[in-house]
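Heads up: the sequence shown begins at 2 in the working numbering, then just goes up one per residue.
Certain hints may be false.
[Claimed, not checked] Quick list of the computed label-pair ranges, beta carbon to beta carbon: (1) Glu55 <-> Thr29: 38 to 44 Å; (2) Ala34 <-> Leu61: 25 to 31 Å; (3) Val83 <-> Glu53: 34 to 40 Å.
Hints in this document: simulated from the structure, not taken from any laboratory.
The C-beta atom is built at its ideal place from N, Cα and C for all residues, glycine as well.
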Amino acid sequence: MVKMTACFSESPLKPSTALFAVAPNTDTETLLANASETLNSAREMASSLAFELEGPQRSLLLAIHQLLEMSDLLVDQALDQVAPT
């Protein structure tokens, strides 16, 4: 096995175990803005799909839509507190 090292470092590189990661130095405003956009996208997908369904499946998806909406309101409030407009 070949030992990999960084160009300017004496310590070996540690392979990442995370498939996806958030940059640790990302500021709170950026994190909240991206979380809000993600929640908005999920809410729109749930809403669109809900109207393709009927009965209990539709009710379940509308409940998920409502949870996403409430979560988005919480994130937006936090964003307003961190970076008032």
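A quick look at each hint next to the structure:
1. Glu55 <-> Thr29: 38 to 44 Å: holds (42 Å)
2. Ala34 <-> Leu61: 25 to 31 Å: Distance hint for alanine 34, leucine 61 holds at roughly 29 Å.
3. Val83 <-> Glu53: 34 to 40 Å: holds (37 Å)
Hint check: no violations occur; every hint is consistent with the structure.
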